[in-house]
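Number of protein chains: 2
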Amino acid sequence: MQERLPNINNSFSEWYNEVIFKAELVDHSPVRGAMVVRPYGCALWERMVAVLDARIKATGHQNALFPLFIPESFLNKEAQHIEGFSPELAVVTHAGGNKLEEPLVVRPTSETIIHYMFAQWIKSWRDLPIKINQWANVVRWEMRPRPFLRTTEFYWQEGHTAHATRKEAYEEVELMLNEYISFCNDYLAIPVIAGQKTEQEKFPGAEITLTFEGIMPDGKALQMGTSHLLSQSFAHAFEMKFQTEEGRLAYPFLTSWGTTTRLVGALVMIHGDQNGIILPPRVAPIQVVIIPILKKNCDLERFKDYIKCIEIELNNQKIRFFVDWDTHKTPGFKFNHWELRGVPLRFEVGMRDLENDGVFVVTRMGTKTCAPSKDIGFFAENLLQEIQADLLKRAKKSLFEKVFVIESIDIDNSSFFEDKAIAYKTSWCLSKTCENLLKPLKASIRCIINTDTTPLYTHCFVPHCSEPTICNVIIAKSY
Amino acid sequence: MQERLPNINNSFSEWYNEVIFKAELVDHSPVRGAMVVRPYGCALWERMVAVLDARIKATGHQNALFPLFIPESFLNKEAQHIEGFSPELAVVTHAGGNKLEEPLVVRPTSETIIHYMFAQWIKSWRDLPIKINQWANVVRWEMRPRPFLRTTEFYWQEGHTAHATRKEAYEEVELMLNEYISFCNDYLAIPVIAGQKTEQEKFPGAEITLTFEGIMPDGKALQMGTSHLLSQSFAHAFEMKFQTEEGRLAYPFLTSWGTTTRLVGALVMIHGDQNGIILPPRVAPIQVVIIPILKKNCDLERFKDYIKCIEIELNNQKIRFFVDWDTHKTPGFKFNHWELRGVPLRFEVGMRDLENDGVFVVTRMGTKTCAPSKDIGFFAENLLQEIQADLLKRAKKSLFEKVFVIESIDIDNSSFFEDKAIAYKTSWCLSKTCENLLKPLKASIRCIINTDTTPLYTHCFVPHCSEPTICNVIIAKSY
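Chains as they are written, first to last, in our numbering: chain A, 1 to 479; chain B, 1 to 479.
Worth flagging that the hints you see were computed from the coordinates, not collected in a lab.
Just so you know, these numbers come straight off a predicted model, no measurement behind them.
Take the hints with a grain of salt, since some may be wrong.
Simulated restraints, written as ranges between beta carbons of each label pair [as the list claims (entries may be wrong)]:
id	chain 1	residue 1	chain 2	residue 2	range
1	A	S231	B	F322	54 to 60 Å
2	B	K123	A	D299	32 to 38 Å
3	A	T59	B	K308	18 to 24 Å
The C-beta atom is built at its ideal place from N, Cα and C for all residues, glycine as well.
Construct all of the structure, not just a fragment, from the sequences and the given hints.
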């Protein structure tokens, strides 16, 4: 018997902490805060990487590889950047048996070293735009690590571009944000809230940070990725200048944007249920698991032939499947095993199915059908598409239910955000003072919603504030 | 005008050092010994990765991700392993603003941390074999770095497997060696010499190291990858035990195997010529470059339509191509530019070609043909296959010419290996004493050729040695 998972409704956090291990996405590592991504988790991440990589290339970016180590002095060149990152840095002080003259920082992000290279490459307006992407591991020392959500080492892509004009740079920032949003919608079946970070919450060294955030079942927001218009300060810091078409010297406008293995955590939280994780078919490493129900004295050869035909059908539709022939485990054990791992479709094939030329099809959400084995490939493909759409629909409904529109927040009630499992949409006066009043409530402004032209309320969410409101915001606790 | 490259025959080393930068495969980085892999080099590496990854998966391995940092104590667990790697380690001593209790080593290879995890995962014979692969960056502090060939940080895959029996483990070691050899032959068009490393040259902690080496135009051997049967000492060091089918406790047999971005360096050296690098079509990021030869007052729209048709043809054959429309550069400049970058085929399309429904086709080796634009996709595909085969043929011929069979080596002549640009095949008595006599000649035994059943000579390559010979070996200087 497999142990049950903690109750997903009452103990969501414990549920998450167990399900990721039991589904074998990840394992504890002997290095504090770093994770071991197991084959199943890695296959899931690779599916995400493949799609994202193709999108990044289709929008005109090229991959490159920059050093893991960054000279400490590089990070110091941009004042806000080093201030933001210095508490999280891992530093190499010794190498090759000697103390290094200058310590090397293990990259927490690569702006500084990439901008140093940009400065070598950009001489003329003809060299622009430069549109680079890097798939890499980065290190940020975390005090409260949680696998996928917050780890000292994580995996990500970081885009870095340089443009001749601010307008073009900002278009890039929006383009990539939109790429991320559609990736989340179309592949991860995760609807997100997108907007702009406040001055306090933006990336260290950026002029504008756009963000997309998911609202998790516990009401906490998860920042799933960001897209930054960097101020020209990085270009100044690295003396990155180019000759314009008119012959002047100018500083280029830079952007950076990234998303990480955190997306795996989001996927687990958004779709999972009491029986385990649920993977959207478009990113599931295994879309269909076939479980032969073998009885004693059954004709194994006939089973094999029958399942071979099903395999051919699935292959023709390019469906990723696995046949679980393991004879040491019962069918019931296997059902739980693959449910826990979120495989969208299960085919059960017993003696009766063989005789009826049928397959017993069970979706991860529990719907059961008998389907003829003829054209089972088409049948499965349609069903997978349906599941993909259903998951998005369900997640959209949940997002809608999780965001409450509210006029004011009781900032004197420190347990305002406790146990309600919701996020709030409200209006804000744009002042840092009001924003900071959320700190004792362990909540923050997750983003300013750009698309709203006028504030919902004339009064700021802070009851005693008398300033006029400027924008709408999402306020929540966060991961 | 583009500067010429150093003479490839007289100054091979200088030629290499310049061509990799001029072809924009790589750039100098501000971190000593680490390289920046530029988009063109990265695209080439990604082509290699895609093929190798598919082969690794097809042979039953799964990718996973393990931490970058390894606790120092882990490396100390296997005595030979730490002895071999300790001079090359980069060490993180501070993180998150504090001195670490135990320093963390940036992985030079991941045996120790992966074996630690294997010990958690392997309990019973049913858990075996475990067949894992990791794509990762690793760090080894190099005193004399050269891009791709020897860099402080490099990119690689490292396979790690555990088996119930030594026989099965050794089969794995041979299987992966053979996968590498066919990858080199079939994709990189590089014939290699494969064999076993001597006791002195094997991987620190291994029982047997198999290697495959290319002989470069300067006669030096380049170790392109290795496949190790690890002794059980790693299993002992990490207390990795499993219950056998018979209920006994046993230590599994481990393997590891890897190949690196060094393959890019091999490719450059093996195929390049005075005009630049030459890329085998199967790994070339761009297989065909199309250069419109636009004259003043030519009908640009007609050109665009004509080239559009060619593009459709190439797309139908899934050929990777690029149309160089840049109006700031002359056709002659572009010819040199793309030759330098090793693009296998160039299509020149001028006014006359338009009128004759033709394309002027030039291979990277200089063969010129006029081809009809109808079915140009098929034509190009055939020609690319021919080029791929020709490159392998040429490289095989060169390898044959570079390896001299010789009875003895004048170990008193310290310049024996100078300026001859050849490697030697000879016989050896298996003694370390004779092997060490090569050191003053700056040469080494690259491998013992396993496939040779009897020694070529009864006398060892060391003239004064009186021991009987046991095997044949390849002796050369090396990278």
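Quick rundown of the hints versus the structure:
1. Judged by the Cβ atoms, the range 54 to 60 Å given for S231(A) and F322(B) is violated: they are separated by roughly 35 Å.
2. Look at K123(B) against D299(A): about 34 Å separates their beta carbons, and that is inside 32 to 38 Å.
3. Remark: the range hint 18 to 24 Å for T59(A) to K308(B) is upheld by a beta-carbon distance near 22 Å.
The structure is inconsistent with hint 1 alone, although it conforms to all the rest.
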